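Generate coordinates for the entire structure from the input sequences, incorporating the hints supplied.
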Amino acid sequence: MARSPFMTPRRVNWRALGPSLGASVMLLAAAFSPAALAAGAPADVARKDTLIISEFGPGNTELQDPQNMNPYSLGGLGRVRGILNKTIYEFLYLYNHNTGEQIPWLAQSYTVAPDAQSVDVTLRPGIEWSDGQPFTSDDVKFTLELLRDSPTLVFAADIKEWVKDVQVTDAQNFRINLNKPNVRFFYFYFVENSEIHLPILPRHIWQGQDPATFTNFDLATGSPVGTGPYVLVDASGQGQLFDRNDKWWAAKTGFQALPKPLRVVFVSPGAADTAAARTINNEFDAAAIMQPGVFETAHARNPNVVSWNTSGPSWGAPDACLYTLGLNTKWGPMADVRVRRAVQHSINRQKLVDLAYEGATVSQVIPFSTYGGLVAYQTQVQGLIDQYKPDDPDSTKAASDMQEAGYTKDSAGFWSKNGTRLTTDLLTPGWLKPIGPVLEKQLRDNGFDVTFKLFDPDTNPYFDIVRAGKGDLWVIVHCGSSNEPYGTLQHFHSKYNSPAQGQQNNYVWANSQYSNPEYDGIINQMDGILPSPTDATYVDLTSKAVNIFLRDVAEITLAEERHVVTFNNTYWTGWMNVSNPYAAPYSLWAPFILSMLKIEPGAGQ
Amino acid sequence: MPSVVRRLGRALATNKMLVAGITLLLIVVLFGVVGSLFVTHEQADVGAGRPARPPGFDHLLGTDQQGRDVLANLIFGTPATLKIGVIAGLIGVSVGTLLGLFAGYVGGIGDAVIRLFIDVFLTIPSLMVLIVIASMLSGVSVEIMGVIIALWAWMWPARTVRSQVLTVRERAYVQVAKLNGMNSLKIVVRELAPNLIPFVAASLVGTIAAAILASIGLSALGLGPQNEASLGLTIYWAIFYGALIRQLWWWFVPPIVVTIILFIGLFMTTAGLDRIANPRLRTSV
Amino acid sequence: MSLAYVVRRLGVFVLVIVVAVSINFFIPRLRSTNPIEARMNEYAAQGGGNAAASMKALIVVYNQKFGFDKPLWEQYVNYWRDLARFDLGTSVAFFPGLVRDEILRAAPWTIGLLAVSTLMAFFIGSVLGALLAWPNTSRLFSIFVPVLMTLSAIPYYLLGLLLIYLLALVWPILPTAGAYTSGARLALTWPIVGDIVRHAILPAGSIILAGIGFWGLGMRAMMVTIMGEDYMILAQAKGLRSPTIFWRYSLRNALLPQITGLALSLASIMSGALLVEIVFAYPGIGYLLYRGISGNDYFVIQGVTLFIIVSVAFALLLLDFIYPLLDPRIQFRRS
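Residue numbers (this note's numbering), protein chains in the order written: chain Y, 71 to 675; chain X, 151 to 435; chain L, 27 to 361.
Think of the hints as simulated: they come from the structure by calculation, not from any bench. Among the hints, erroneous ones may be present.
What the hints assert, rightly or not - Simulated crosslink set (DSSO-like; lysine-lysine; CA at most 30 Å straight-line):
(1) Lys233(X) x Lys166(X)
(2) Lys459(Y) x Lys400(Y)
(3) Lys487(Y) x Lys250(Y)
(4) Lys540(Y) x Lys487(Y)
(5) Lys503(Y) x Lys336(X)
(6) Lys250(Y) x Lys211(Y)
(7) Lys230(Y) x Lys487(Y)
(8) Lys540(Y) x Lys96(L)
(9) Lys668(Y) x Lys96(L)
Claimed, not checked - Taking beta-carbon pairs under 8 Å as the criterion, some of the chain X residues facing chain Y (in silico):
(10) Gln193
(11) Val196
(12) Pro201
(13) Ala202
(14) Arg203
(15) Gly217
(16) Met286
(17) Gly372
(18) Ile389
(19) Tyr391
(20) Gly392
Unchecked claim - Reference listing, derived: stretches of chain L covered by chain Y, where coverage requires no fewer than 3 residues with Cβ under 8 Å from a Cβ of chain Y:
(21) 188–197
(22) 300–311
These numbers come from a predicted model, not from an experiment. All C-beta atoms in this analysis are idealised placements derived from N, C-alpha and C, irrespective of residue type, glycine included.
Right, dumping it as structure tokens:
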């Protein structure tokens, strides 16, 4: 071994040791000096007045490209859902997913024309942009028509499909004219604000800019300009800082009180365990989602860390999505309804929930979430559920279904027909990983030669296969049931099928390839009706659709997707939860701004 | 040939490092082989037991969050991890040895080109490239992973073998053989190869060690084979379900212990083999 | 230093870049999906975009913009042409942001982290070396080293998490993650520099802990080819005074393996730093790469990979030029 350079026999050579030790000591002194320790918050705003929100989950484009403030650039939905949709941008309406209540915000009211080809909207008076200019119908017209005419912007395709133009009556009133009738247009694009957000852009800033490349970022002049209660003061890869705009229009007009936090900080939490540790250390006020077991540990260590539910094991909140096993009802072995029934009889949903999701959610058999808006419909179709018994794990029944379909078990115990074994992959995208091994085992135990094939982190091949009708079994989430059954039931309309096997369909979440003219007819009728659990026609159509869904096993709903959102009551309390459900607890969704306006200072550390 | 065997025998008797290393390795290998006689695949499957139970009589090392018996999972996972390392090591050392032999013996432009490539590949941060490559492929099998890791494993063997060949090439007996008209291939096989064996063996073990660590690292990130149990995959799921912060020690500590034993065993074996290869070496570490 | 040596070394450097760029170019194309479609799929998967026809039009527009509609060889040539202008492309995810800008924003953090790691490593090395001067430390040493070896067998990722758990949660003496306290406005003042250093200690620590094992293995390999210490005995026999021996002989000769060890493990230190940044949410290049991979952003992945490879190659080039200045023997060896 080479001798250390800093040693001569039995004497420490300080000449060489000196400089290195010296430099290190100096830096350490700086690190642990009182000034540095006190400067744990070198910000000029005290921690007790700061609201720190961490990324909901990884991949938020706002932090990846912190100086691009263009909400419609190709960053996709993440462009505003991280933080901008609660600080800078506001929306015409907000929505309480828990109850289905539509909350007028920038708009006071809206009316859908009887022919559903236009929507009249009235704005609230007195709304101002952060630079003092008034917010008017012209800004809405400018935004929608810009989206309609610029094919490279996010949501441009949608707006181009539906919006013909916007007619301005006066500063507060305008009419959106549609290309074709759509009773749900306004709700879907301007009210629900969970996935789709259409921030209105200030015409006086954006006019003349190239919308595809304009970064909308110029702190000196106050860009990005929005109507929200906060303005951007700093942005970098570590986080974005917003300071309260004391001249916020809502405070001026008395519509809302100014939010209590003087500063909002948006940061990335790091890997899951790191995020949990930081939350326990009170570094975040609204934090990332946690695994249920991790949350229980965090809550035990720090009782100020709370989630949606006040008791376990299901701590989390629904999000209108359902874990689902998709089946190819048109091509391949799953095209036979008896095989699909056999697959359903092989699945033990409760066990799946226990093993994959730590028992922290509930099993479901139809694609309805447990949101308030859906509960009424669920009760009404309970009779059908009792009749078809979709949640009935029974190996004998599975076996008889398969035998009826002409299969016999081969020497290894797997189902075969005409000498060929039924062998297929259970396609699993990365974010649904836990379900893969569990379902695989349940299916294999019942004679299906299924291997779970994971697509992670690149899920594109998964979508390519599934959307082209080339898969047989796949794990997926089915979303859309925030307030009405139509949201998910419509996805089994044949218009979503692939034109031929190997060609992509036209909606990424509707892959069952189910084709039934009777069902299409039902959905076509539901298209034109506004949803209501007291509307006899709507309810009747729902029953008919669910009946066909259960009878034909168009897909196998497994369980509700629930996320354990976390809040920390140390610095701020008053967060939404099951006892105080004034909005859904997802920091990604625009209605989260309601919590920012409601929270009060906590006890502090 | 016999002289090599004699040397080997003598070395084993006096080389404590080597013996210790090989013993540790045998423990790990036997753990996997013998262990699989006592547990069934069923136990290593999801749902074998109730989730997240601490060690008890029915599950000696407890269960993980998806119900797998941790001990059974470990027993089946260890050979899989070893397999990747061995595949990568064998491929890497074979390729490296051949290239090193060629470069050292033939010299000239061939040598220059090979040396260039060695330097180039040594410069590129391997783990980073491995991560990027693995993340591009959707789903890797044990064999593919072995091949990918081998791509960055051949450089050290090539370098070592080459410098050895350069040394031996000038030795007297080789010159004599040449003068006697022996053809190159015979020289390589008869004279060079026996002297290379200790070096190649040392490289092999070292490369396998690095390959195993690389595969565990990649699997722990979720980039490895998903359908077979492996040490890295166990660690991945442990991290995924927050085993660390939930203090489910029985889940993440055993695979780490096995990894450490493996690593130390491989390290000691390499050290021991180095001693044989270069008797002048005085080691205090 | 002979001209031949310099030329050869530069040649290697250039070749590294060529190979790296080529690998870099082809790797993302291992995937079957075109990056634009990939991005579109992700955006569609998050809830927007019902109109398939408009999506197809969008894909065509973007393919033209990013050049994916041309044949592969043409893309390759264009890639080189863009590189020559230091244009690393427009990030697909962060369009219209430029990859180059993002790398430049992230790079200082990684460099800083590595600098802190190096300083800490030197500090620890010095302390260990000083300990050796005292009698009876060899026993201490022989326990200490295996413990460190053991620690480095643990996958980097887990090691980082372990450190956070122990030193930020159980005994909260250090910050959990990040490069500085959330909400701070960066400025060059003592408190803020201190804050940054405090945040760097855990990540730097785990890089070092993780790297020690590989460093050890690498040093072993070096030992096989390094000659013995006969020159030291000769120097003492010649009666040279200790300081002379130290400065002229042992420092230089001991520094050589240190530097070589550094050179050899530079690549693996870089890889380790990458994982550490992910665990600690440290906004450096590693974290940028990770986000690029998660976000299917080919341009970012390519840009960052290239940047890292070139930086490492450049650092090694510098080291290789310093090396002969320290060790005159090198010249003779090379001939």
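Status of each hint after checking the structure:
Restraint check for Lys233(X) and Lys166(X): satisfied, since their Cα atoms lie roughly 27 Å apart, inside the 30 Å limit. Proposed proximity of Lys459(Y) and Lys400(Y) is supported: the alpha carbons are some 23 Å apart, at most 30 Å. Note on Lys487(Y) and Lys250(Y): the hinted pairing is violated, with a Cα-Cα distance of about 48 Å set against a maximum of 30 Å. Our distance criterion of 30 Å between C-alpha atoms is met by Lys540(Y) and Lys487(Y), whose separation comes to about 20 Å.
Among the hinted pairs, Lys503(Y) with Lys336(X) is inconsistent with the structure: their alpha-carbon atoms are about 56 Å apart, more than 30 Å. At most 30 Å may separate the alpha-carbon atoms for a hinted pair to count; Lys250(Y) and Lys211(Y) meet this at roughly 18 Å. A threshold of 30 Å between alpha carbons decides the hint, and for Lys230(Y) with Lys487(Y) the separation of about 49 Å lies outside it, so the pair is violated. Between Lys540(Y) and Lys96(L) the alpha-carbon distance is near 28 Å, which keeps this suggested pair within the 30 Å criterion.
For the given pair, Lys668(Y) sits about 54 Å from Lys96(L) by alpha-carbon distance, which is inconsistent with the 30 Å threshold. Checking Gln193(X) against chain Y: minimum C-beta separation of about 12 Å lies over 8 Å; hint violated. With a cut of 8 Å, the hint placing Val196(X) at the interface with chain Y holds, because the nearest CB-to-CB distance is about 5 Å. The criterion of a C-beta within 8 Å of any C-beta in chain Y is met by Pro201(X), whose closest approach is roughly 6 Å, and the hint holds.
Hint status for Ala202(X) relative to chain Y: holds, with the closest Cβ pair at about 7 Å, below 8 Å. Look at Arg203(X): its Cβ only gets to about 13 Å from chain Y, farther than 8 Å, so that hint breaks. Interface hint status for Gly217(X): upheld, as the beta-carbon distance to the closest one in chain Y is roughly 5 Å, under 8 Å. At about 7 Å, the closest approach between the beta carbon of Met286(X) and any beta carbon in chain Y falls short of 8 Å, and the interface hint on this residue holds.
Interface restraint check for Gly372(X): the shortest CB-CB distance to chain Y comes to about 6 Å, inside 8 Å, so the restraint holds. Given the 8 Å rule on beta carbons, the hint for Ile389(X) holds: about 7 Å separates it from the nearest Cβ of chain Y. With its C-beta approaching chain Y no nearer than about 6 Å, Tyr391(X) sits inside the 8 Å limit, and its interface hint holds. Of the supplied interface hints, the one on Gly392(X) holds, with its beta-carbon coming within about 3 Å of a beta-carbon of chain Y, less than 8 Å.
Requiring three or more residues with a Cβ within less than 8 Å of a Cβ of chain Y, the coverage given for the stretch 188–197 of chain L holds, as 4 such residues are present. Beta-carbon proximity to chain Y at under 8 Å applies to 5 residues in the stretch 300–311 of chain L; the threshold of 3 is reached and the given coverage holds.
Against the hints set out earlier in the document, violations occur for numbers 3, 5, 7, 9, 10, 14.
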